[in-house]
Amino acid sequence: MNRDRRQLVLMLAPYLAGLALLVLLPATATMTMAFTHTDLIATSEFIGLDNFAELARDPAVHAAVGNSLSYLAYSVPLRLVLAVGLALLLHRRTRGAGTARAAVLLPGAVPELAYGLMWLWLLNPLQGPVNQLLLLGGENGRTMFGTLPPQWLTDPEDARAGIVLMSLFTIGETFVIVLTARLALPPEAYEIAELEGARAGQVLRRVTLPLLAPVLAVLVLRDTVASLQASFIPALVVTNGGPPPYATTYLSLVIYQEAFEYLRYGYAAAVAALTLILTVMAVLIQWRLLRRWAYHGLAGMGTHRLWG
Amino acid sequence: MTPPGRAPAPHRRRRAYGAAAVTVIFLSPLLLLLTGSLREPGQPPVIAPPLIPDSVGTAAYDQAIHEGDLVRAAANSMIVAAVGVPLSLLVASLAGFALTQLPRRVTATVIALSMLAMTVPATALLLPRFVLFRTLHLTDTLVPLIAPALIATSPLYPVIYYLAFRAIPADSYDLCRLADLTPMQTWRRMALPQVRPVTAGLAALTFVLTWSNVLDPMVYLYDRAVFTLPLALRALAAMDPHNQPVFLAAAVLTTLPALLVIGVAQHRFLHAYGPEGAP
Amino acid sequence: MTAGLILRGVHLTRGTIPALRGIDLTVARGELLVVLGPSGAGKSSLLRAVAGLDRITAGTVAIGGRDVTALRPGQRNVSMVFQSYSLLPHLTVADNIAFGHRIRGADRRAAADRAAAAAASVGCADLLARRPHQLSGGERQRVALARALVREPDVFLLDEPLAHLDAALRTSMRTEIRAVHDRLGTTTVHVTHDQSEAMALGDRIAVLRDGRIEQLGTPDEVWHRPRTRYVASFVGAPGMNLLPADGPLRPPGTAAGAELGVRPEHVTVIAAGSTTDGAIGEVERVEVLGEDALVHLRLGAHAVVARVPARTRPAPGDRVTVHVADEHLHAFDAITGERIPLPAEAATR
Amino acid sequence: MTAGLILRGVHLTRGTIPALRGIDLTVARGELLVVLGPSGAGKSSLLRAVAGLDRITAGTVAIGGRDVTALRPGQRNVSMVFQSYSLLPHLTVADNIAFGHRIRGADRRAAADRAAAAAASVGCADLLARRPHQLSGGERQRVALARALVREPDVFLLDEPLAHLDAALRTSMRTEIRAVHDRLGTTTVHVTHDQSEAMALGDRIAVLRDGRIEQLGTPDEVWHRPRTRYVASFVGAPGMNLLPADGPLRPPGTAAGAELGVRPEHVTVIAAGSTTDGAIGEVERVEVLGEDALVHLRLGAHAVVARVPARTRPAPGDRVTVHVADEHLHAFDAITGERIPLPAEAATR
Amino acid sequence: GCADTAEQTADPVSLLVAGTPDELAAYRALAAAYEQATPGARVTLIEASTAKDLMTKVSTSIAGNSPPDLFLINYRNYGQFAVKGALAPVTARLAASASLHEQDFYPQAMGAFRWQGEQMCLPQNISSLAVYYNRTLFKQYEVAEPAAGWHWNDLVATAQALTRDAGGRTVRAGEPETAGTPVAVHGLGIAPELIRMAPLIWSNGGDIVDDPNAPTRLTLDTPQAREVMQDFLELPRIGVVPSDVEVEAQDYEARFAAGKLAMFVSSRRVTTAFRAITGFEWDVAPLPQYRAPANILHSDAYCMTRTSANQDAAWRFLEYALSDPGATLMAKTGRTVPSRISVATSAAFLSPGTPPGRSQIFLDTIPALRPVPTIATWPEIEDATGKVLENAFFHGDPLDKVIRDLDAATRTVFERGAASR
Ligand SMILES: Nc1ncnc2c1ncn2[C@@H]1O[C@H](COP(=O)(O)OP(=O)(O)OP(=O)(O)O)[C@@H](O)[C@H]1O
Ligand SMILES: Nc1ncnc2c1ncn2[C@@H]1O[C@H](COP(=O)(O)OP(=O)(O)OP(=O)(O)O)[C@@H](O)[C@H]1O
Ligand SMILES: [Mg+2]
Ligand SMILES: [Mg+2]
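Residue numbers (the working numbering), protein chains in the order written: chain F, 844 to 1151; chain L, 4 to 282; chain V, 1107 to 1455; chain U, 1107 to 1455; chain X, 7 to 427.
Just chain F, with the same shape it has in the complex (with noise of 0.2 Å):
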């Protein structure tokens, strides 16, 4: 056993390595810094818990912590449920399947700055192709819906819906692991379904969903995570933050502007740990959620640890 177990080890080491090299520590030092008064120049004081004093008073914080936690609330399950479409969608050897996967991956490949450009185009309120399409039905300058066409860069409401209207097209990731697990899926379990006569749906919530529960545990939990630190930089690009005073403002934004932009860092490194607490808080909630529906399905016919 001795030998399988040493391998073992080593097997996970590298990644144990990089984790606490690359992360834990760093993180470490950085929370640690939240404790003090650091401006990465000169001077680095302790100042217990000012810091964090200061941030539930911060107005950008607060407006960022709520901006964060609503794109939190719509963009993760609205990503998530495209994303498993696309992937029961596509996963099937159809004419053209091969295209439309690789047009999903595509626009997560596209360097930042030129998606955040191509989607300061999409929305332009004018003559933007957007609201062009949400026109198009419509009559007197009216959507289809009969309201006036949304205002993506100047209203606050609208901004936002705009930065997760950007978010849903960005699921390439989700959407190929959703896909690789899917191809995973046993295909007697489809043939027993079809057999039953199960439509569609019941496919989906009694084969397909179940089995494929642990992996959308994972990607629900990492998509949390990923949405309270979104990649701000096609934000910066469309909405900068704003409207004013702090539409689009999300946390990882603040963060960056104090620690590189104000230099201050340990104000910065105390936005961190509050963004570190609400993703654990948002993460632990999640997972109690979702931890009994996630035990069985692809892992619950998993293999038992056999060189432990």
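Worth flagging that the hints you see were computed from the coordinates, not collected in a lab.
Since we're looking at a predicted model, the values are computed, not measured.
From the three backbone atoms N, C-alpha and C, an ideal C-beta is built for every residue, glycine too.
Careful, some of the hints might be misleading.
Unchecked claim - To give an idea of the interface, some chain V residues facing chain F are shown, with a C-beta separation under 8 Å as derived from the structure:
{"no.": "1", "residue": "ALA1157"}
{"no.": "2", "residue": "SER1192"}
{"no.": "3", "residue": "LEU1194"}
{"no.": "4", "residue": "ILE1209"}
Stated by the list, open to error - Quick list of the computed label-pair ranges, beta carbon to beta carbon:
{"no.": "5", "chain 1": "F", "residue 1": "GLY909", "chain 2": "X", "residue 2": "ALA424", "range": "28 to 36 Å"}
{"no.": "6", "chain 1": "F", "residue 1": "LEU853", "chain 2": "L", "residue 2": "LEU263", "range": "31 to 39 Å"}
{"no.": "7", "chain 1": "U", "residue 1": "ALA1231", "chain 2": "F", "residue 2": "LEU853", "range": "36 to 44 Å"}
{"no.": "8", "chain 1": "X", "residue 1": "ALA38", "chain 2": "L", "residue 2": "LEU34", "range": "39 to 47 Å"}
{"no.": "9", "chain 1": "X", "residue 1": "GLU148", "chain 2": "L", "residue 2": "ILE55", "range": "33 to 41 Å"}
{"no.": "10", "chain 1": "V", "residue 1": "GLN1240", "chain 2": "F", "residue 2": "ALA863", "range": "32 to 40 Å"}
{"no.": "11", "chain 1": "U", "residue 1": "SER1278", "chain 2": "V", "residue 2": "GLU1444", "range": "22 to 30 Å"}
{"no.": "12", "chain 1": "V", "residue 1": "ASP1173", "chain 2": "F", "residue 2": "LEU979", "range": "39 to 47 Å"}
{"no.": "13", "chain 1": "U", "residue 1": "ARG1215", "chain 2": "V", "residue 2": "ASP1173", "range": "49 to 57 Å"}
{"no.": "14", "chain 1": "F", "residue 1": "ARG900", "chain 2": "V", "residue 2": "GLY1211", "range": "55 to 63 Å"}
{"no.": "15", "chain 1": "V", "residue 1": "ALA1212", "chain 2": "U", "residue 2": "PRO1124", "range": "32 to 40 Å"}
{"no.": "16", "chain 1": "U", "residue 1": "ALA1231", "chain 2": "V", "residue 2": "ASP1309", "range": "36 to 44 Å"}
Chains L, V, U and X with the ligands: place on chain F using the hints.
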């Protein structure tokens, strides 16, 4: 060769239409970038480029390659990807495999740590990592850009591998144990080949992440000679608005290798064992 | 009354391999047809064609008088046991069995009750809460059977549903299948390798070979009047001994190019010398199977197997006289393999 | 000579279920032991315990005189056929068979040649290039068998390796297994549900029940002297009829609390009235199995099965006289189920 | 101060700069020219693309104890470094220099980089606000071109005269007959930012902070400042500036380049971009005033890091970079107004024949230039006020509320700034 699918014809047709619609929805916005890049640089900026370009020219591409020093940047990016992506997949799959075999407590801990690692905002890591690489005298080399391969580029990927390896029937593991395979051999001969779709998918994702990594090079790279594509692109993005086509051309050029990798990888998704891709 | 199941000119290709090549088959409503055939003959493919799991490349399938060729499996109302059980890994035994009912919108309680009853009928009542990977092979197979039997379809398709069960359980499951079948009067196609199962269970037996039906008849017919040499040698454990007509056994009036067949059960072995009526052979090997023994004999250049009571078996190396009554001989065309009526047989007609 | 395989007090728990509860077993070197037992009895668990795939909770395992209890499976040098085949989906048939050899560093060509030979011996020579999902159930099983037989281990562990094969193939595979076993002289543990396979193949038979060995003996012993009522009823298809000693059959000198057993093969059925020596029963149902028929009789309150030649079978509803020779009767303690010597038996000792 | 002066060919001098590709190319040319002019010297250019990237690089590298020897920074950001002692003063070196003299540079620029009596950095350029205008439009609608000394009200009137619909008719907000008519050309584009209002407030005799040397709060509640704010925030109501939606659809710069904006208040930066304009003629005019001429300083400077191990070599490079040939190289980009008087007044900057024809106004305004206060938290103050002002500008908040909000948003920031000095 396409084996007879089980779905009856109308089903398949509907799926084909769906695929076409998805392609259109996801690709047409990107067309804007393409047509934007085909405009003549130096003209007044437009509100948005037309979907169908009025005049087509590649002047922007020439200028981009020249001013952005894209060839050298691409070479640097290639080096990073060529070393980083395989290394990252190796780390991820080895770790994912080990997790299926180690005691449950270890697994749970490592997965929790991975989740925690994903939780840490990237900006919070920037400075300590800089200090770390600086201490190791590795700034201004490509090493810090390859280093994230050690955490599998994203701590999500070992977990995904873990789930994939877990889904392999226990029998297959038993077989390998009977044949006295070491965990390493089991990983290489039995487990890894069975999760090829996962490897292909994660290869594409890892490549995209590595290829478009901009925060790390921004901090670690000083010398223009080691700039990677995202940095070169960032420089071009700072150009005046009338030179936007140049930036877009560079963006398109930057995207092309990723497109290639995605295309190849997605081809591999299909290549699973079994009628529907399942083992 | 319309037939329960009709296949006409059914062809099916799996991958590049033609698994079925022209199956014409009519199963009466309420009939239990057993399908026999060597490994790879296309038995599972036949069931899959009926269920609609694989698209047939030619021909038509009708169930209960309804052409289902173009219908999806779910629309065909068949219930199937897969050769490899095929349980849903994420469901408990109870949920696996109740799956079909739940899909059809049955109330959770009612479905659970029926599942429990079905599990009890296959002796798995205490496994309801387990998941498939926690079951032994035979237990999985029984759960799969329960899942199929719990429904009331137009056709049962059972692919070696008892292969992993012990003899006792197999007998009782066989009875259970028959009982369900008789109670519901459901047309059933049952694939098995077990001869006694085939004989005991089947109203008729279809012998499949290389994607074609070699013989279709009652167990009696298949046993006593194999239509071809192949069926003769395939049915029975072991199958008929086949010898050239000019070999050691030489019944009167056999065509020259024929081959003779005789079941091991009909080969009488007597200690050599006690009578001269028969050929002289040597015992090569003896296998005892409980009450009976298989005696492997060498008659000149030919190998012959005899099934004799274990108590009176000869010992290896013994020289014995081998005797076969004329009425137990079968003749087949040496080239086509088709059955040729023998005088003795012709007389009984 | 050391024993090929020794298990002492082996306990094994799967999940929370005690699958083996105290197995003591010695298999001689070169012996072929057949394991019989009902579904869920622990047969597969026994093989897994020997292979080391599951850690035993108590006891020791020794292979070829070497205590392997603490060794990992790979160090035990066993070769196994899994009940569910366990083929690797990404490898071709050839590579699946060659898997073990390639791992051990065998030259690619040599391994391929051996794989081809092994495939040919199980009749899969033309499937070498296919992948498992392109095979029929029986073909998969044969490939699994080939993969096990291609090696030369200290112990073969075969878990129902022939379950999905037709009778003809099963007979020839059985011969193949025996041949390999005889050639290599390898200790073999073979799980099967097929009685004739057990009888034909096994040097000895172990009957497992609920994780314990109920009887261990030669096929003859198990058949003729079942150690318990359970073995009596389990072995045979169908097993022994069991009747109370004060029931319709009443041999001289039976203890009051005993149960009598008689194999269906030994129940003689004669048209009622032709003789008065025996009990009178009524025929309830008749199953024809080729040459034989099973006659289900009712003797007063008791059900009895008789195996009679199909030609002389009675019809359902017939009233018949049932006779059993005394020497064919077995007696068991009604409470413990243990065998009780009968006078007739005692005499033959 | 532990530099090895003897060794000329020691470590190369590292210079961190940010800019567009053409600016970076100019720096590269500068470095090359220096290396050629000074045998054995080497310069390593560290290129960032934007000012933000530069800040990130400077801060991480200083924190990581590997700062560049020199970096280029805007004086509005330089306060954080000056205050925290990250910079090496150059007062003594300048005094001792044979080639560089204080009087070679515009004092307004030099002053902005002086901190507690020390010259912390040497300015590379000196820019200011100007009104870019579309001369073709002025001619077409026969509106008089702006002249030096014009008043804010003149600007507004001019803007009104130039705000036209697609048919060329003037559009006036509030006039019923033109209500709802889409505006094709707006009269004026000006970003609602503190640094745009500041010169106007100064011009009106007010100030933006209580004490320019040690600011503790904004003083926008003075009558002088109020008047300017009032006028400024009125612009959208008058309808001469594009609405927020229109700005988001097309920003001022693009709007001007597209000929849809008659006047645009900006610094020298946009010149290069506008030189690509072919569709119409354009020029620059001085910033309008209230009572007295006033303008705001835009300037970048070379700063030397205190922990640099190579300060002497760095200084030698500085001497070259700010010399006539060095400064001329940088002036050729056209983006900036050179801080070196001799170069600013040469053809290298004034570049006769290329627009803007009235480049001289950038020099003329120099005497009226004022810097914003040097305080560590100035970037934060700009961001915070920007948000309030943008809201007020486009949504028409009442003036009192705006001033209150501005004060509330900046008080603590000023406090922090004061604390860190
Ligand atoms: N993974 C498991 N988890 C829990 N219980 C199990 C598991 N596998 C088998 N069992 C239980 O252990 C007992 C022995 O199982 P085993 O597989 O050894 O039976 P078996 O004799 O091989 O039966 P079969 O003939 O049906 O294959 C059974 O009661 C079974 O339900
Ligand atoms: N997915 C597949 N792809 C290609 N060939 C296949 C596939 N499945 C089965 N075959 C082939 O089709 C033929 C018929 O297979 P089928 O499964 O119907 O046999 P079967 O009669 O059920 O055999 P068994 O008794 O071994 O289960 C066989 O030759 C088999 O090799
Ligand atoms: Mg089959
Ligand atoms: Mg078993």
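Comparing the hints with the structure gives:
1. Interface hint status for ALA1157/V: upheld, as the beta-carbon distance to the closest one in chain F is roughly 6 Å, under 8 Å.
2. Because the closest C-beta pair between SER1192/V and chain F is about 4 Å apart, less than 8 Å, the hint holds.
3. Among the interface hints, the one on LEU1194/V holds; its C-beta lies about 5 Å from the nearest C-beta in chain F, closer than the 8 Å criterion.
4. Proximity of ILE1209/V to chain F holds as hinted, the smallest CB-CB distance being about 5 Å (cut-off 8 Å).
5. The hinted range of 28 to 36 Å is satisfied by GLY909/F and ALA424/X, whose Cβ atoms lie roughly 30 Å apart.
6. In this structure, LEU853/F and LEU263/L meet the distance hint of 31 to 39 Å, their C-beta atoms being roughly 34 Å apart.
7. One distance hint, 36 to 44 Å for the beta-carbon pair ALA1231/U and LEU853/F, holds here, with the actual separation near 42 Å.
8. Take ALA38/X and LEU34/L: their Cβ atoms lie about 41 Å apart, and the range 39 to 47 Å holds.
9. Distance hint check for GLU148/X and ILE55/L: the Cβ-Cβ separation is about 40 Å, which falls inside the suggested range of 33 to 41 Å.
10. Restraint check, GLN1240/V to ALA863/F: a C-beta distance of roughly 37 Å satisfies the suggested window 32 to 40 Å.
11. A hinted range of 22 to 30 Å holds for the C-beta pair SER1278/U and GLU1444/V, which are about 25 Å apart.
12. Hint check: ASP1173/V to LEU979/F, Cβ distance near 46 Å, so the stated range 39 to 47 Å holds.
13. Under the hint 49 to 57 Å, the C-beta atoms of ARG1215/U and ASP1173/V, about 54 Å apart, fit the expected range.
14. Range check, ARG900/F to GLY1211/V: Cβ separation about 57 Å, and the 55 to 63 Å hint holds.
15. The hint said 32 to 40 Å for the Cβ distance between ALA1212/V and PRO1124/U, and at roughly 36 Å that hint holds.
16. Take ALA1231/U and ASP1309/V: their Cβ atoms lie about 37 Å apart, and the range 36 to 44 Å holds.
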